[in-house]
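Respectively, the protein sequence lines represent chains A and B. Following the numbering used here, the numbering of the first sequence begins with 1 at its first residue and continues without gaps. Following the numbering used here, the numbering of the second sequence begins with 171 at its first residue and continues without gaps.
In short, the hints are calculated from the structure, not lab data. Be aware that a few hints might be false.
Claimed, not checked - Here are the computed lysine-lysine pairs in the DSS-like style, where the Cα-Cα straight-line distance is at most 27 Å:
#  : chain 1 : residue 1 : chain 2 : residue 2
1  : A       : K131      : B       : K269
2  : B       : K287      : B       : K336
3  : A       : K31       : A       : K142
4  : B       : K287      : B       : K316
5  : A       : K31       : B       : K269
6  : B       : K316      : A       : K131
7  : B       : K437      : B       : K269
8  : B       : K281      : B       : K325
9  : B       : K267      : B       : K280
10 : B       : K287      : B       : K437
11 : B       : K325      : B       : K373
12 : A       : K31       : B       : K373
13 : B       : K269      : B       : K244
14 : A       : K131      : A       : K8
15 : B       : K316      : B       : K280
16 : B       : K325      : B       : K287
17 : B       : K269      : A       : K142
18 : B       : K281      : B       : K269
19 : B       : K437      : B       : K316
20 : B       : K267      : B       : K287
21 : B       : K437      : A       : K31
22 : B       : K316      : A       : K31
23 : A       : K142      : A       : K8
24 : A       : K31       : B       : K325
25 : B       : K267      : A       : K31
26 : B       : K336      : B       : K316
27 : B       : K280      : B       : K325
28 : B       : K336      : A       : K31
29 : A       : K131      : A       : K142
30 : B       : K325      : B       : K269
Everything numeric in this text was worked out from a predicted model, so none of it was measured.
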Amino acid sequence: MNYLIENKNTIIRRVIFVFILLAAAALQGTKGLFPTPGNIGVFLIIPAAVSIAMFEREVAGLLFGAFAGALWDTYVTGFGFNAMFLTIVTFGAGVLIHYLMRNNLSTAMLMCSLSMLLYILLYWLFNYVFKGYGTAMQVLLKYYLPTFLYSLVFIPVIYLMVRTVMKKFR
Amino acid sequence: MRSLVKSIGFKIFAVVMAALVFGAVLATATHKYTSPVTSVISFVFSPVQRLSAFFADKLAESEIYFKSSASMAKRVSELESQLADARGQLVEYEDAKNKLSLYEEFLELKKEHSDYKFESCSIISRDAADLFGSFVLNKGEMHGIKVNDPVIYGKYLVGLVVSVSKTQCTVRTILNPDVNVSAYDIRTGESGFVATTPELSRKGLCRLPGLDRTTAISQGGLVCTSGVGGIYPRDLIIGQVTGIENDNENISSYAVIEPSVRFSELKDVFVLTYFYGQEGTAGDGQ
Chain A
1 MNYLIENKNT IIRRVIFVFI LLAAAALQGT KGLFPTPGNI GVFLIIPAAV SIAMFEREVA
61 GLLFGAFAGA LWDTYVTGFG FNAMFLTIVT FGAGVLIHYL MRNNLSTAML MCSLSMLLYI
121 LLYWLFNYVF KGYGTAMQVL LKYYLPTFLY SLVFIPVIYL MVRTVMKKFR
Chain B
171 MRSLVKSIGF KIFAVVMAAL VFGAVLATAT HKYTSPVTSV ISFVFSPVQR LSAFFADKLA
231 ESEIYFKSSA SMAKRVSELE SQLADARGQL VEYEDAKNKL SLYEEFLELK KEHSDYKFES
291 CSIISRDAAD LFGSFVLNKG EMHGIKVNDP VIYGKYLVGL VVSVSKTQCT VRTILNPDVN
351 VSAYDIRTGE SGFVATTPEL SRKGLCRLPG LDRTTAISQG GLVCTSGVGG IYPRDLIIGQ
411 VTGIENDNEN ISSYAVIEPS VRFSELKDVF VLTYFYGQEG TAGDGQ
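Only chain A is shown next, with the shape it has when bound in the complex:
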């Protein structure tokens, strides 16, 4: 338990991270709460969870990832796919930052965009390609690709927000 709760600042920081994830889930999942041009969607939970995992590293990161994914599952069919996906991705992000990569905005852009791309591809494969829909490619190009590009804009905002919280409550 001491591993997770080190001091008062850690607790405050992690409570703030929980609120950031709650806000990201609400903004992403509630229609009309976040501006989305041209009827596309936006992914905010993935960049929020990955950014948090980059600072919290693998153990706390994966727990935040599992929480974020489970929260996301409550906004969709709750099979647990999002929880599994984000647990894997945040653990991976935490490990990479711990052992291999530097924690900066460029790395965050790379990790968040790759995670979103992976999610979109998996979602598209399972829900369109494997079901044999003829318009799968059209859907990818007209909906998921614009959604991905639009979501990229918010990665720096989310990362810098998480970094500010981290610096303030280190």
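Use these hints to put chain B onto chain A, whose structure you have.
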């Protein structure tokens, strides 16, 4: 790599993943299609979803004004305030009017079918990744809602419940290609299964395939549920026929149907928790 696998972090990761996979297996085994982890999280955080849905509604009602700094600013502000009040009242009036019309239709339906049991629900969220308009309702197992319960708006069919947790449930609309509804055209009596394709779904349309090329179904015809299969009761309105097209894959035709419900504008719906003949209930006649 070996040190990573032996680390406490990896062990926690493995335990969490095992728990999530077990939850998914349990969700399938219990036919609720909601993992216990999701159920717990949704139970704890459902107020957040309700709050965000409330704010989204308020945001849709309001508009942003840019105020002038000139000498007329005060007057403009007063007029804006009056206008905002009037708009607020108009929004409330429109909301009340819509609800009244919904409840009138609901009352009529209730009179016609005394066996129906309903649960009034509000939409609290929609999936950003789902193109077919699935949404989450604020009621679940605690309110008697089950997987495969039909979802209606007045006399119109919206879709069906596909997963349920204690406090909420997920609904797939008839604009989802995975949803099939047994249906018939009320004028000609020709029947079949209403479904959709991703192409038609993007245009907000469904289709009734498998019709003869000489079909008597024509534009303007009303398509209703036939009750076959026990998932949906008979005579819920699905939509209106907007045209007949020849199927490219075989020698049949299909009727293009425009659903009577505007799914993107829905805020409140009813879940039909019981009707005589419902599959898997005491009244299913099995």
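Against the structure, the hints come out as follows:
no.	hint	in the structure
1	A:K131 - B:K269	violated, 38 Å
2	B:K287 - B:K336	holds, 19 Å
3	A:K31 - A:K142	holds, 19 Å
4	B:K287 - B:K316	holds, 13 Å
5	A:K31 - B:K269	holds, 20 Å
6	B:K316 - A:K131	holds, 26 Å
7	B:K437 - B:K269	holds, 10 Å
8	B:K281 - B:K325	holds, 12 Å
9	B:K267 - B:K280	holds, 20 Å
10	B:K287 - B:K437	holds, 20 Å
11	B:K325 - B:K373	holds, 23 Å
12	A:K31 - B:K373	holds, 19 Å
13	B:K269 - B:K244	violated, 37 Å
14	A:K131 - A:K8	violated, 50 Å
15	B:K316 - B:K280	holds, 20 Å
16	B:K325 - B:K287	holds, 14 Å
17	B:K269 - A:K142	violated, 35 Å
18	B:K281 - B:K269	holds, 18 Å
19	B:K437 - B:K316	holds, 20 Å
20	B:K267 - B:K287	holds, 24 Å
21	B:K437 - A:K31	holds, 11 Å
22	B:K316 - A:K31	holds, 25 Å
23	A:K142 - A:K8	violated, 47 Å
24	A:K31 - B:K325	holds, 25 Å
25	B:K267 - A:K31	holds, 22 Å
26	B:K336 - B:K316	holds, 10 Å
27	B:K280 - B:K325	holds, 10 Å
28	B:K336 - A:K31	holds, 23 Å
29	A:K131 - A:K142	holds, 19 Å
30	B:K325 - B:K269	holds, 14 Å
Taken one by one, the earlier hints fail for this structure at numbers 1, 13, 14, 17 and 23, listed in ascending order.
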